[in-house]
Structures are given as structure tokens and as C-alpha cells.
Amino acid sequence: MAISLFDVQTGFGCAPGQAAITADDLRAEMRRLQIDRALACITPENMEFDVPLANEMLYTACMADSALVPCPIVLPNSGQDYLPEQEQVEEAMRHGAGAVFIRPAADYWILAEWVCDRLFTLLEAHRMPVLCLERMVSLEQVGGLAERYPRLPFIVAESGYRQQRILLPMLETFPNVYLSTGNNYIVYKGIEQLVERGLTERLLFGTGFPVSDPMGGITQLMYAEISEEQRQLIGAGNMDRLMGGIVR
Amino acid sequence: MSTLLEAGRAGRPITDFDILDLHGHVGRIGFALPDLSIDGLVRQMDKVGVKSIVVSHMHCMSANVVHGNREVLAAMRSFPERILGYISVWPYPDITEETAWCIEQGFTGIKVHNCNGFPINHPGYDGSYALANEHRLPILFHTWGGEDEFAQIRDLSARFPETSLLLAHAGCANEEGYLKIARECPNVYLDTAFSRSPRGLFERLIAGVGAEKVVWGSDAYFYTQSSQVGKVLGAKISDEEKRLVLSGNAQRILGRRR
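The listed protein sequences derive, respectively, from chains A and B.
First residue of the first sequence: 1, per this note's numbering; consecutive thereafter.
First residue of the second sequence: 1, per this note's numbering; consecutive thereafter.
Hints may contain errors.
Chain B side only, calculated, beta carbon under 10 Å to chain A, not exhaustive [said to hold, decoys possible]:
(1) R9
(2) E203
(3) A220
(4) Q225
EDC-like mimics (lysine to aspartate or glutamate), calculated; alpha carbons at most 20 Å apart, straight line [what the hints assert, rightly or not]:
(5) B:K180 - B:E212
(6) B:K47 - A:E91
(7) B:K51 - B:D239
(8) B:K47 - B:E6
(9) B:K51 - B:E240
(10) B:K47 - A:E196
(11) B:K47 - B:D16
(12) B:K236 - B:E6
(13) B:K236 - A:D25
(14) B:K180 - B:E134
(15) B:K47 - A:E229
(16) B:K180 - B:E147
(17) B:K47 - A:E228
(18) B:K51 - B:E81
(19) B:K51 - A:D25
(20) B:K47 - B:E71
(21) B:K236 - A:D24
The following residues of chain B were derived to be distant from chain A, with all beta-carbon distances above 12 Å [as the list claims (entries may be wrong)]:
(22) S62
(23) F79
(24) G146
(25) T224
(26) G234
Hints are computed from structural coordinates only; laboratory data are not their basis.
These numbers come from a predicted model, not from an experiment.
For every residue, glycine included, the Cβ atom is placed at its ideal position computed from N, Cα and C.
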């Protein structure tokens, strides 16, 4: 059975010290490695700081190619300098977003309720998954958000290979937390352990491109000691299900 | 799609040549690892298609090297040919006798980690390095791109020219420094183990020093072997070069033993 892959940890944008990675570059790499779809972000956060422009670039690229599913940046309009939260969420839905991307430190906000409750409450109403990179949203913070907004799915990505002591109880405690495999979750037998603990449906395939070589994420999944059904769920099925749960 | 890329994408074990992993570990470390068993490691090797892995004990990072070496020996005896051993060394007390004993037991090489606060050319290692030189064994060094590390490696390369010096985590920092030393020193090789696998790094190492000077190490079970093999299988280089990195170079290095 050919395993379909839906990469939840990828994107395009500036690349420090190198030519920018374009949506075409991402698509070329997806074709080369037979990755069927991608939840695409604009990266990196320190160089793509103009949120309206970044989202416009993202939506334009994704409209041109159905294999790319946008993951736009959202932020609380707590400085009254951007779109109201309602409009941001509507815009994301209108463009078929599969998740939204939060970058609190990069966009200069914090996760206190008095800053961002309006945003998360709206996202929760739509069951719109929220992508959290561990270097921007700590696991402890994700746990806090998952508890505060129990019907809102959170996707943890870029988690490290030394975090299993935190990730396992996090996934067992919060049914609305999902984990991206691939960069940098390369825990030896980590996928196998989480699957054995009944957490297959909470794992999502990811590569980390363009920061990382994407093939390591693929072989991590393809060589994991799990069943083909479990591999298929992690490869694409779980993300399809998550997207199907979005209240549009 | 190349044959090896295709195999990796499909999750098929690589069986048409013998993959040798020159950088592995066994034993407990501070963070959680779901499976510390040697059986489990061999199962993962079978899944990927790795014939042999050379492991040192996690205690290469502590003074308990003798304890670690005994556990590695037990693993080697459980799975002959599949699990090969690096001797972990520590400068005090004199480790030469332990090194000689381990070589007699069939260990394959030496592993040196510099997190212990000693430079890797500390005189306390010289007896072990001399034995490695005599038997033409490889020495795997944990490195992190420091110019001080490279100066120490240059010193060792000149003094122990019959050894093969493997620099772990090549390109994790100071990429140019790694390329330079590998070009300069005929017995220096670059090891690919690195958790983050920055895009294009592996290809740059190949372009910079040639496939003959790069060896595959997974660092399992620090990292999972299944992900670390991907950077080679998926690289934009020829299958012939991938074979050299995954197998040919290691065969040549291990085959020099006398």
C-alpha cells in the first residue's frame, strides 16, 4: 500500500544566507519525494515579520496549487493595529486554511488570557487547529492553552528528541494536543512508544523543510515499527480528519 | 527517482549492500529513551537494512568507562557481527591496559567524548591512541566545530597516521572548518550524525570533500536510526556516492585492521 503523506511542518520564505525558498521550490521537493500535500507556513519568523504580507504571499501560493494548504499567521489584535480577530479567522477560513500559526514572541504578544482570549475563543468555536513550534510556544504553555481551550486542537511541532518525558504525558492528558513527527522529534523508538500507548491518532507527519532535509522525516515514519494502517493515519489520515473537523 | 531514494520512500530495507553505521550508543542517558534493549536496536537495524553498528556506551561521557565497555562487550557477544564496539576511554587512571584488553576481546575502535573536560589530545589518551595506531583502528571523536578541537585533531592526525579519525556531527557548526581539516588530513573523515539535518548540509559535505571522506553515523539511540538514514537516501547525489557513505568507506576503514 502506498503511504500518502501530508506534511504539517513545512513552508517557504526567506532563508538566512541563501536564496529564498519559494512555493515552487517547496512543490518541487514535494514532487521529488512524493509528498502529496503540505500545510504550508511562511518562514522563518524573524525574517517574515510583516504578517499581512506573509499571509497574502501564502494565500496566493496556495490558491495556485491545491496541494498546498495554507497555515496563516494569526495574532491578537490587542494593539489595535491589525485586523480584528474575527476578520483574521474568517479570512483563514475563506482561504481554506488547515490550521493557523501562532508566533507569540516573534509578533510581540504573550499567552495571557487578557491578551489573547478573544482570538483563542474564536478559533475554538471553529475547531481551527493551532500550530505551535516548540521554540516559540513551550510545551508547558501548550499544556496551559490545551487546558483553557479543550475543544481547540493544538499541533506541537519542532519538538526535540529529549522531550519524551513531557510529550507522552502531555498527549495522554490533553486529547486536543497533536504532535508532528520529523524535525526535530527524532526520538529513538518514539513513534513506536506513542503508538503502543494508543496515541496513533494524535501523530501527524512532518518534515521541517525548508529548515531541514525532508527525507529524514519520511524515513522515520516509513521505517517505524508500526502497522501500515497506523503509518497511513500518521502519514495523512489524522491531518485529514483534523481538517474535516474545522467548523467552516 | 533513484533506487535508494525509492527504497527509503517506500520504507523498504536496503538489502543489496551492507550498511555500516559507524556511530551508535547503548546504555542509559539522562533523557527518556523508550527502548534500551539491544534486541530493539537490532530490530530497528533490520527494518532499515543496517548490517552492523559500532556502538560505544553512553558512559563514554562519564568516568564509568569500564562499566560501559563491559556492557558493550555483552551486546557484542549477544549479536556478533551486528553489534560492534568502540572502547570508551578516560584519561585517569591509565586506560591503556583496559584498551588493550578490549582490543583483544574484539572491539573495533575507540570513542572519545570531550564533554569530560579533557582535550582529545590529552596525554592520558596517548597509550590508547598508540594501540589504535598499531592496529589501524578508527577513533570516533565527539566534535562541535571548535577550532581548538580541530587543532587537537591535527595534532593526533600527525602523530597517529595509521588511525582513521572520525569527526562526529560534522557541519553542526563551523562547516568550513570541518571541510578544511578533512581536506588537509588524509586520515580524517566526516561523520553525518546530527539531529537537525539542516537542508543541504550533507550535500555540501560531499561536494566539499568528496564522498570518500564522509561516513554515515546515526548516533542511535541518541537519535533514531530511521531518521538519520534519510539524509543520505534522500540526498541529491548519485546512488554510488550514497553507497560509499553508507557502506564502502566504513568497510575500507574497518578493513584496515591488523
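Results for each hint:
no.	hint	result
1	R9	holds (6 Å)
2	E203	holds (9 Å)
3	A220	holds (6 Å)
4	Q225	holds (8 Å)
5	B:K180 - B:E212	holds (15 Å)
6	B:K47 - A:E91	violated (45 Å)
7	B:K51 - B:D239	holds (18 Å)
8	B:K47 - B:E6	holds (15 Å)
9	B:K51 - B:E240	holds (18 Å)
10	B:K47 - A:E196	holds (18 Å)
11	B:K47 - B:D16	holds (14 Å)
12	B:K236 - B:E6	holds (13 Å)
13	B:K236 - A:D25	holds (14 Å)
14	B:K180 - B:E134	violated (27 Å)
15	B:K47 - A:E229	holds (17 Å)
16	B:K180 - B:E147	holds (11 Å)
17	B:K47 - A:E228	holds (14 Å)
18	B:K51 - B:E81	holds (8 Å)
19	B:K51 - A:D25	violated (35 Å)
20	B:K47 - B:E71	violated (24 Å)
21	B:K236 - A:D24	holds (18 Å)
22	S62	holds (17 Å)
23	F79	holds (17 Å)
24	G146	holds (21 Å)
25	T224	violated (4 Å)
26	G234	violated (2 Å)
Of the hints listed earlier, those the structure fails to meet are numbers 6, 14, 19, 20, 25 and 26, in rising order.
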